[in-house]
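Take the given structure of chain L and dock chain E to it, following the hints.
First to last, the protein sequences are chains L and E.
Numbering follows full-length UniProt numbering, with no gaps: position 118 of the first sequence is 118.
Numbering follows full-length UniProt numbering, with no gaps: position 174 of the second sequence is 174.
Derived from the structure by calculation, the hints contain no laboratory data.
This one's a predicted model, so the numbers in the text were calculated from it and none came from an experiment.
Check before you lean on any hint, since a few could be wrong.
[To be verified] Distance condition first, Cα-Cα at most 25 Å in a straight line; then the derived DMTMM-like pairs of lysine to aspartate or glutamate:
no.	chain 1	residue 1	chain 2	residue 2
1	L	K160	L	E141
2	E	K65	E	E223
3	L	K160	E	D314
4	E	K322	E	E182
5	E	K144	E	E223
6	L	K130	L	E141
7	L	K160	E	D318
8	L	K130	E	E182
9	L	K126	E	E182
10	E	K9	E	D115
11	L	K130	E	D318
12	L	K126	E	E223
13	E	K343	E	E182
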Amino acid sequence: MSTFYFIAFLSIFFSILVISAKNPVHSILYLILTFFTFTIHYILMNAQFLAIVNFIVYMGAILVLFLYTLMLINLNKESEPVKPFMVKLAAVFGAGILMVVLVASLKSLGTSQPVVLKNPDLGLVKNLGKVLFNEFLLPFEVSSVLLLSAMVGAVLLATKDTKATI
Amino acid sequence: MELADIAIKFGLIIVIFLISLVIAMYSTYAERKIAAFFQDRVGPNRAGPFGILQPMADGAKMFLKEEIIPANATGFLFIVGPSLAIMTACIGSAVIPWGQSVTIGDRVIPLQVTDINVGILYIFGVVSLGVYGVMIGGWASNNKYSLLGAIRAASQNISYEISMGLSIIALLMVTGTLSLGEIAQQQHGWHWNVLYQPLGFLLFIVCAFAETNRTPFDLPECETELVGGYHTEYSSMKLGFYLFAEYINMFISSAVMATLYWGGYNYPGMDFMGNLLGPVWGPLFGTFVLFMKIFAFIFFFMWVRWTIPRFRYDQLMDLGWKVLIPLAIANIVLTGIVITLLK
Numbered sequence: 001m002s003t004f005y006f007i008a009f010l011s012i013f014f015s016i017l018v019i020s021a022k023n024p025v026h027s028i029l030y031l032i033l034t035f036f037t038f039t040i041h042y043i044l045m046n047a048q049f050l051a052i053v054n055f056i057v058y059m060g061a062i063l064v065l066f067l068y069t070l071m072l073i074n075l076n077k078e079s080e081p082v083k084p085f086m087v088k089l090a091a092v093f094g095a096g097i098l099m100v101v102l103v104a105s106l107k108s109l110g111t112s113q114p115v116v117l118k119n120p121d122l123g124l125v126k127n128l129g130k131v132l133f134n135e136f137l138l139p140f141e142v143s144s145v146l147l148l149s150a151m152v153g154a155v156l157l158a159t160k161d162t163k164a165t166i
Numbered sequence: 001m002e003l004a005d006i007a008i009k010f011g012l013i014i015v016i017f018l019i020s021l022v023i024a025m026y027s028t029y030a031e032r033k034i035a036a037f038f039q040d041r042v043g044p045n046r047a048g049p050f051g052i053l054q055p056m057a058d059g060a061k062m063f064l065k066e067e068i069i070p071a072n073a074t075g076f077l078f079i080v081g082p083s084l085a086i087m088t089a090c091i092g093s094a095v096i097p098w099g100q101s102v103t104i105g106d107r108v109i110p111l112q113v114t115d116i117n118v119g120i121l122y123i124f125g126v127v128s129l130g131v132y133g134v135m136i137g138g139w140a141s142n143n144k145y146s147l148l149g150a151i152r153a154a155s156q157n158i159s160y161e162i163s164m165g166l167s168i169i170a171l172l173m174v175t176g177t178l179s180l181g182e183i184a185q186q187q188h189g190w191h192w193n194v195l196y197q198p199l200g201f202l203l204f205i206v207c208a209f210a211e212t213n214r215t216p217f218d219l220p221e222c223e224t225e226l227v228g229g230y231h232t233e234y235s236s237m238k239l240g241f242y243l244f245a246e247y248i249n250m251f252i253s254s255a256v257m258a259t260l261y262w263g264g265y266n267y268p269g270m271d272f273m274g275n276l277l278g279p280v281w282g283p284l285f286g287t288f289v290l291f292m293k294i295f296a297f298i299f300f301f302m303w304v305r306w307t308i309p310r311f312r313y314d315q316l317m318d319l320g321w322k323v324l325i326p327l328a329i330a331n332i333v334l335t336g337i338v339i340t341l342l343k
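Bound conformation, chain L alone (with noise of 0.2 Å):
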């Protein structure tokens, strides 16, 4: 149990620092660690496939196309937009509101109701994959539509409309 409040406290001790890195690199690099503490929560929860895919795809390759966007474009200070203060006091005030309102909600709903699996080993990739495969194959099926439709629209966008070249 003290291993996962350790942990805890070091992902929600990342992701602050994600919002308040200056420079938007170290704000990424922050991020990688903060998937990072999240496979190990995982790891916790006997969650080996997902602790793994979440280790390759979120820091392996979403992260690094993010830190391969930001290291082309050229964020300088003179080009950092400036907001009038009125702006800026407008925020802090809607993002305090919204805060009472998370907290009153989150309030009224009262303590959670821990699920106990029915099989504690569920994460392994064997039971995972009988369960995706048996009970959730329509979801999952729909799903892979689903990402098939947004690489399809991805390509679209990324070919050049040659009508309006010539």
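Only chain E this time, still in chain L's reference frame:
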């Protein structure tokens, strides 16, 4: 876990660590000698007999050179870059089965640090993490050439990771397990995966070349265009770490290829030799065979380096996206059809 078990694991980790470092050291020597052989030269021959002490001399040189951190570099990240590169190179060896279990008395010692049941995915994760060392170092150098090298490394690694993953999926359909220990065991008695997955192996080795940034895929450090690529600004041991990480990566990827496709520690006549040599030396002979396979792969890496010129960048991307990925998907479909028909 008993204290003795922990001590044995610890010892095993240290031994594997030392072996990978020594092999990486002598890979630099081997590379120069092989390059010399290919180009009809002598190669290093001054330090010790046949230049055998050359890696020591290089190491001493690297350590004693002046540390330079460029004034405009991001100081902390500039140091994190090479450290991350060498760390990700070293942790990959944790899941590789180096041999069958050794039995001393009534204690069984597995020659594998940990047999997690997502072993292949772990290797894959470590590989995908490896690019951060290059990217962070290249960006922190605050140099255009370094940045371009880092960006090339990132896009190259991401592109080739996809086809590597797809080629592994076809392999997993054959083996039915993600654990490297089990995969090595299954290949006992000539059931080597390369016989079932020849195309998959070809794809995997091409991707391994790309992931380790070796020629013909060494565009991140392409000296004709980018001075030195991502390590342009690095000097002394920080540069040494980058170069060292490349050789360790080469060693680990050779070990992974030998384990996944070429039977790991299995060899013909293994049962006979195992009975002959007993429960200690039998498995260790298997480890010796595995290392012979690894050395063959390392030699192949070097052979290719001194034979084939570098790709152009658009050719590299074309090969990755338009040739390797369709081939890998075709391989998966083919494997699926064959498995269904044979069932």
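Right, here's what the structure says about each hint:
With a C-alpha separation of about 31 Å, the suggested pair K160(L) and E141(L) falls outside the 25 Å cut-off, and the hint is violated. Between the alpha carbons of K65(E) and E223(E) the distance comes to roughly 22 Å, so the proposed pair stays at or under 25 Å and holds. Distance restraint check for K160(L) and D314(E): the Cα-Cα separation of roughly 17 Å lies within the 25 Å cut-off, and the hinted pair is therefore satisfied. Restraint check for K322(E) and E182(E): the C-alpha separation of about 33 Å exceeds 25 Å, so the hint is violated.
The hinted pair formed by K144(E) and E223(E) meets the criterion: a straight-line CA distance of about 14 Å does not exceed 25 Å. With a C-alpha separation of about 14 Å, the suggested pairing of K130(L) with E141(L) holds against the 25 Å cut-off. Of the supplied pair hints, the one linking K160(L) and D318(E) holds, its CA atoms being roughly 17 Å apart against a limit of 25 Å. Proposed proximity of K130(L) and E182(E) is supported: the alpha carbons are some 20 Å apart, at most 25 Å.
For a cut-off of 25 Å, the pair hint linking K126(L) to E182(E) stands: about 14 Å separates their Cα positions. For the hint pairing K9(E) with D115(E), the CA-to-CA distance comes to about 12 Å; that is within 25 Å, so the pair holds. For the hint pairing K130(L) with D318(E), the CA-to-CA distance comes to about 37 Å; that exceeds 25 Å, so the pair is violated. Between the alpha carbons of K126(L) and E223(E) the distance comes to roughly 47 Å, so the proposed pair goes past 25 Å and is violated.
Between K343(E) and E182(E) the CA atoms are separated by roughly 21 Å; this keeps the pair inside 25 Å, and the hint holds.
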